[in-house]
Every structure is written in C-alpha cells, then in structure tokens.
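2 protein chains.
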Amino acid sequence: MNPVIETILNHRSIRKFKDQPLSKEQIELIVKSAQAASTSSYIQAYSIIGVSDPAKKQALSEVAGNQAYVANNGHFFVFCADLHRHQKIGEYEGRNVMPSIESTEKFMVTLIDAALAAQNAAVAAESMGLGLCYIGGIRNNLEKVAEILKTPDHVIPLFGLAVGFPDTQTDQKPRLPLEHVYHENEYQQDEALYKKQIEEYDQLIQAYYIKRTSGKRDDTWSTQMCEMLEKQSRMYMKEFVQKKGLNLK
Amino acid sequence: MNPVIETILNHRSIRKFKDQPLSKEQIELIVKSAQAASTSSYIQAYSIIGVSDPAKKQALSEVAGNQAYVANNGHFFVFCADLHRHQKIGEYEGRNVMPSIESTEKFMVTLIDAALAAQNAAVAAESMGLGLCYIGGIRNNLEKVAEILKTPDHVIPLFGLAVGFPDTQTDQKPRLPLEHVYHENEYQQDEALYKKQIEEYDQLIQAYYIKRTSGKRDDTWSTQMCEMLEKQSRMYMKEFVQKKGLNLK
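Protein sequence lines, in the order shown, are assigned to chains Z and P. Heads up: the first sequence runs through residues 1 to 249, numbered per full-length UniProt numbering. Heads up: the second sequence runs through residues 1 to 249, numbered per full-length UniProt numbering.
Note that these hints are calculated values from the structure, not bench results. A portion of the hints provided could be inaccurate.
The list treats identical chains as one, so a pair stands whether inside a single copy or across any two.
Capping the alpha-carbon separation at 30 Å, the derived lysine-lysine pairs in DSSO-like fashion look like this [to be verified]:
no. : residue 1 : residue 2
1   : Lys173    : Lys88
2   : Lys32     : Lys196
3   : Lys88     : Lys238
4   : Lys88     : Lys144
5   : Lys144    : Lys238
6   : Lys196    : Lys173
My request is simple: use the sequences and hints to build the entire structure.
Here it is as structure tokens:
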C-alpha cells in the first residue's frame, strides 16, 4: 500500500466545510491534475467552471435541492462536457465537423473525458487534506444552470464538485462485493450466483444502516435503488441535451 | 507537491509492456481503488471485466484496429456502463425501474460512474509503477465486443485499460492552456480571447510535433481535431446503445 492508494481507498464524501476558501495555488493544482488525465484521441472535450461568486453559488445550491454545502465550501467546481470549442474550430478551419459533434459516440467521449478529469481533481484535492462531494443535483435543472454559468451550445454542465476544508468526519459506505463488480474474461453468466451476491450485499447494507441510525433506517441497497429509480428523475434530459446539439445522431 | 499529485501530473500513456502479468494482488488493489470512487446516489452503475484469456485479448485487439498493446500487456480491463443489475433488481423486487433505466439521464450517470472508477484504477496502477493506456478503439465494434465478453442488455463496454510493466519511455503531450479549460464564475464570453488561446495552443502543438518528429509532422491541434471529427467514426453508436436498452427516452 502506497500513499496514493491510501488516499484513494480513504475517500469519503464530505458535506460540511470550514468557512475558508481554497488558495489560488490549490485551485491551480487541482485543475492541472484534472488536465493530466487521459483524453480520447487528444480531444480534451471538457471545461471546468470554478464558482466563487456567492450569488451564483446560492443559485446553484437552490437548483441542487437547497444543499447547503453547494453554497458553503472552499470552492465549487462545475465539470462540463464541452464540444463547443470543437464546433468553433470547425468553423474557424472551414471543416465539416458537425455530424461527429452531434453523434452519440462523441457525446459519450465528452462525458468520459470530463469524468476522468474530475476524478483526477478529486484525488488531488483529497491528497491535500481537502474534502469533497460530487453534486449531481445540478442536473435537476440544467436550463437554469446554463443560464447561471452562461454556457453555450454543445456544452452540458454534468456535475459539481464541492471542495473545502472538512468540518466533519464521515463514514465510508460499503461497496458492492468485488466479485460482483469485477468479472473474469466474461460477464458473470451464472444468474443464481449473481442474485446471491446482491442478496448478501443487501444484508450487509441493511446491517450498516441499522447500526448507523440505531435502527431508524433498515433499507437494503436493492430497495434504495428501486426507490430512486421509480422516481424517474430528470426525464427532461434527452430533450435538453439534444437542444444543446449533442446526442442527436 | 505531494506523492499523489506527482503521480497524477506524471501521467503519460504507455503502449509497450514487458511480458509479465499483473499479480492477483495488483489486480485486486486496482479494482478496489476503482470501487472507492464516488458514485451517483450510491448507484454503482458499472462493471469491470478483466481479460487475461489470450484468445479474447487477441480478438479485442483486432476490434481496436490491431493495436498490439491490447493483446500484449500485463492485464486488460474493460470498463462497462452497467444498468443490468438495476434492471435485475427491479425484476427481483417487482418494481417499475425501466423508464429510469432507459433514460438519457441514467445513461449519463452510468458513463460518469464508470469513468470515475476507471480513473481511480488508472492512478492506482501508475502509483505502483505500472504503465497504462486507455483503449477507446474497442468502441469500433461493440457488437463484437459484447459477443466476446458476453455482456447482457443494459451493459455497454466503454473503453479498455491496458495495464502492464512499462517497456518504453514516452513524452507527455501538452494540454490546452489552463485558462482555456478553466473558467471563472461563467463560461468565457470573450470570443476573441477564446480564439487567441486556441491559436497560441496550435502554435505550441505544431512546434511540439516538429521537434518530436524532426519536422516530419507539423499539424496543429485544430487540424488534428478537424481530421478526426470529419471522419465521423462510430456513427452506429446511437442505434447500438438504444438496442441495448439505454439512452432511449
């Protein structure tokens, strides 16, 4: 075990930060770390918007369901899928890049690119003793987020990353069994085993919740997932993404 | 600068590996690191398939345009977007999860989840002195990849990660200027500045290629991007993903 893997395995989401902004040096090191990630065919199809303006942070916090830690943190990063610069380059160079930009393939590339960069940023931040929490809640209303951050077409704000000096200790939630997530040479074909792994994990999670909440909460991972998925949240997404000129063909 | 950030900033793709497989312990540590990444609402919507079978590696290498390092490495990981287990859970629990699973929102979630996990795996591997290269080329023919890896519906193999003991030294390719990728409080609204940043970067990349190839190659980043995007690769993707039951609504 080395310090890098220790940092990675020690990750937990932090949702309460001290009232202390990140330094310019910290922000730069986090962004440089993001940029060092691999990028598909050198495409670099993402942008990062650092939000320090309190009014904008407050507005984003409201979009994300009034989560206080979206407004109160050391710095708030928004990671965006970005093919705007490639659309512009096509325009500057007079080349026909639009069918590619509008493809599902490139939509996938830009999401993956942005997420690889974000996770480098996250690991870098945690290595400096900072805490963080990914904020998918900004996707509750991307029309509003695009207005707040003035993002152009072919840019989709994907998630926030609230970073700051931790003001709380949190638990790590147990992950799915390694054997369930990791398959050897082919996807698990034995459905009985597959189901058994989920059942055992459900028992583990139920015991975890009972212990953590002194019995007030006793759901399993499966019931938690079903609750979440039955809600059908953010069903406007397909239309929004296509209106922005991505995932069209 | 700490050892974690040093590892991250020192990243470069490695495409030639020694003939030495990763140990079981290395593979486990890499997968555990992947699993430690943040996951949207605890959804854990990805799977990792570790490929060691030489015939399967060879077949994947052919899909990826006969890249030798897809077949010859210490271990080959395939990261998959995976909502199959959530579809199954809905079935086991008798709950209506399908509209969510078929949504563009959850398609985005599963791609982001898989990529966050992958980047943790990548950083962990590099911290152990291993080299790696992401392989988007498996997306050349996902029908074939799904057949090789026997992935069910609601699973999309996204990219490979070839990992191994490095047998070569490589350069780092300069990234876009930080000011171009990182915006403060809102997306860059000054198009003249935006364009100038790309032009300066183009000059930097041109000089880099001229130096690296003793003048044989002198393209800019913009021309490289236009070449790539004009090709319209993998335009079957939308249909494939929808046939697998994702990104439908």
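Hint check results:
no.: 1; hint: Lys173 / Lys88; result: between (43 Å within a copy, 22 Å between copies)
no.: 2; hint: Lys32 / Lys196; result: between (43 Å within a copy, 20 Å between copies)
no.: 3; hint: Lys88 / Lys238; result: both (23 Å within a copy, 24 Å between copies)
no.: 4; hint: Lys88 / Lys144; result: within (24 Å within a copy, 35 Å between copies)
no.: 5; hint: Lys144 / Lys238; result: both (16 Å within a copy, 27 Å between copies)
no.: 6; hint: Lys196 / Lys173; result: within (20 Å within a copy, 46 Å between copies)
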